[in-house]
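S.K.: Chain by chain, the residues:
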Amino acid sequence: MSDTQGPMWEVFLQKKAGQPFVHCGNLHAFDKEMALQNARDLYTRRMEGTAIWVVKSEHIVASSPEDQGAFFEPANDKIFRHPTFYQVPDIIKHM
Amino acid sequence: MNHHYKFILRLADNGLINSQRLTEWTGHGPFLEEDLALTNIALDILGRSKMLLEHAAKLSGLENVSEDTLAYFRNEREFLNTKLVEQPNGDYAQTIVKQVMVDYFDLLHYTELCKSSDEVLAGIAAKTVKEVTYHYRHTSSWVTRFGLGTEESNQRAQAALNELWRFSGELFFTDETEKFAEENGIGVNINASKDKWTKTITTLFEEANLKIPADAFMQDGGKNGLHTEHLGYLLAEMQSLAKAHPEAKW
Numbered sequence: 000m001s002d003t004q005g006p007m008w009e010v011f012l013q014k015k016a017g018q019p020f021v022h023c024g025n026l027h028a029f030d031k032e033m034a035l036q037n038a039r040d041l042y043t044r045r046m047e048g049t050a051i052w053v054v055k056s057e058h059i060v061a062s063s064p065e066d067q068g069a070f071f072e073p074a075n076d077k078i079f080r081h082p083t084f085y086q087v088p089d090i091i092k093h094m
Numbered sequence: 000m001n002h003h004y005k006f007i008l009r010l011a012d013n014g015l016i017n018s019q020r021l022t023e024w025t026g027h028g029p030f031l032e033e034d035l036a037l038t039n040i041a042l043d044i045l046g047r048s049k050m051l052l053e054h055a056a057k058l059s060g061l062e063n064v065s066e067d068t069l070a071y072f073r074n075e076r077e078f079l080n081t082k083l084v085e086q087p088n089g090d091y092a093q094t095i096v097k098q099v100m101v102d103y104f105d106l107l108h109y110t111e112l113c114k115s116s117d118e119v120l121a122g123i124a125a126k127t128v129k130e131v132t133y134h135y136r137h138t139s140s141w142v143t144r145f146g147l148g149t150e151e152s153n154q155r156a157q158a159a160l161n162e163l164w165r166f167s168g169e170l171f172f173t174d175e176t177e178k179f180a181e182e183n184g185i186g187v188n189i190n191a192s193k194d195k196w197t198k199t200i201t202t203l204f205e206e207a208n209l210k211i212p213a214d215a216f217m218q219d220g221g222k223n224g225l226h227t228e229h230l231g232y233l234l235a236e237m238q239s240l241a242k243a244h245p246e247a248k249w
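Going line by line, the protein sequences match chains A and B. Heads up, the first sequence is in numbering that gives the first Met the number 0, so the first residue is 0 and it goes up one at a time. Heads up, the second sequence is in numbering that gives the first Met the number 0, so the first residue is 0 and it goes up one at a time.
A portion of the hints provided could be inaccurate.
As the list claims (entries may be wrong) - Listed next, the stretches of chain A that the computed footprint assigns to chain B, with coverage defined by at least 3 CB atoms under 8 Å from CB atoms of chain B: (1) 26-37; (2) 40-51.
As the list claims (entries may be wrong) - Which chain A residues stay away from chain B? Per the calculated CB distances, all over 12 Å, these: (3) 14; (4) 55; (5) 59; (6) 66; (7) 69; (8) 87; (9) 89; (10) 93.
If you are wondering where the hints come from, they were derived from the structure by calculation, not from laboratory data. Just so you know, these numbers come straight off a predicted model, no measurement behind them. Built from N, CA and C at the ideal position, the CB exists for glycine as well.
Just chain A, with the same shape it has in the complex (with noise of 0.2 Å):
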């Protein structure tokens, strides 16, 4: 399909200055400015974010699920990096 309507983009959009971008779906287009353009009326119609980034889909690597075992399980039985063996003072918020 991707001769009749173009090329795959991923979308990811703001919420508000300073937070991060969130990936929020992907769309076709030909060209930056249609992307940029299909990304507003996709998935901004209803207030979702104030800024967007479109990047083209191929741009993208990605892991793929026979990594799976050798990158993410390794961190099973490592319990010590999580930031748990000390008190935190009630007065810290947002941990």
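Could you slot chain B onto chain A? The hints should help.
M.R.: Relative to chain A, chain B alone:
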């Protein structure tokens, strides 16, 4: 028909017919994202027209006139939209060429109307400027794509321009209604924006390798109810439900 009412009705009808025509693309757009983008634009324009019709109904001074009776129970000769907006959609290049001319005109016109002494109109204009700034950005980027795309896309856009350019002059048509509106601060001298419109639109088309037809005879009449053959069919479809169920509420 008082001039203030007629002036607002012209604005309302231009948007209503423009929007109704664009919504014919719903579900038929070239691809999903563009289908949504164009229907979104149509919906913005319909929202503006609804407010303008509501305002016009109050200015009519007539009993039993509402936005719905104005939209659904007037005949072809009573609609005051320009001929440009009632033209058929044709292919997507034709729809875009038509819409870019309307969008840029609306951008200039409503920017000026923000200063209107008619506070309702000024409020609607302020909202419209933000919307139509985006519409123009969207449609103008498509003109560039069609013009500089393939040989076929350029030819289709050129054919559209050849067909539609003769309807562009009516956007700037003025008569005693426009003069009354201008003199009373309700409207503006739209011809003051004509040079800017022509310059920007000409540059847009030329940079996209599209030629504006020379010596076109400019059509008018729509703003006084004289339309092309296309409006009747559009109204028949738009009004059929309301006419079949005149007491219906929604």
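S.K.: Is the listed coverage of the segment 26-37 of chain A by chain B valid when you require three or more residues with a beta carbon under 8 Å from a beta carbon of that chain?
M.R.: Since three or more residues must qualify, the claim that chain B covers the segment 26-37 of chain A holds, with 9 doing so at under 8 Å.
S.K.: Examine each Cβ of chain B, and state whether all of them lie more than 12 Å from the Cβ of residue 69(A).
M.R.: For residue 69(A), whose nearest Cβ neighbour in chain B is about 38 Å away, the distance exceeds 12 Å, so it holds.
S.K.: Confirm or reject the statement that residue 14(A) sits farther than 12 Å, beta carbon to beta carbon, from all of chain B.
M.R.: At about 20 Å from chain B, residue 14(A) clears the 12 Å cut-off, so the statement holds.
S.K.: Check, residue by residue, whether the segment 40-51 of chain A contains three or more positions whose beta-carbon lies closer than 8 Å to a beta-carbon of chain B, and give the verdict.
M.R.: holds (count 3)
S.K.: At 12 Å, judged by beta carbons, does residue 55(A) keep clear of chain B as stated?
M.R.: holds (15 Å)
S.K.: In terms of Cβ atoms, is chain B entirely out of 12 Å range of residue 66(A)?
M.R.: With a cut-off of 12 Å, residue 66(A) remains clear of chain B, as the shortest Cβ separation is near 32 Å.
S.K.: Confirm or reject the statement that residue 87(A) sits farther than 12 Å, beta carbon to beta carbon, from all of chain B.
M.R.: holds (47 Å)
S.K.: When you look at the beta carbon of residue 59(A), is every beta carbon of chain B farther off than 12 Å?
M.R.: Label holds. Min Cβ-Cβ 19 Å, cutoff 12 Å.
S.K.: Against chain B, does residue 89(A) hold up as non-interface, every C-beta pair farther apart than 12 Å?
M.R.: The assertion about residue 89(A) holds, with a minimum of 47 Å to chain B.
S.K.: Please check whether the beta-carbon of residue 93(A) is more than 12 Å away from every beta-carbon in chain B.
M.R.: Non-interface label stands for residue 93(A): nearest chain B Cβ at 36 Å, farther than 12 Å.
Hint violations for this structure: none, all hints satisfied.
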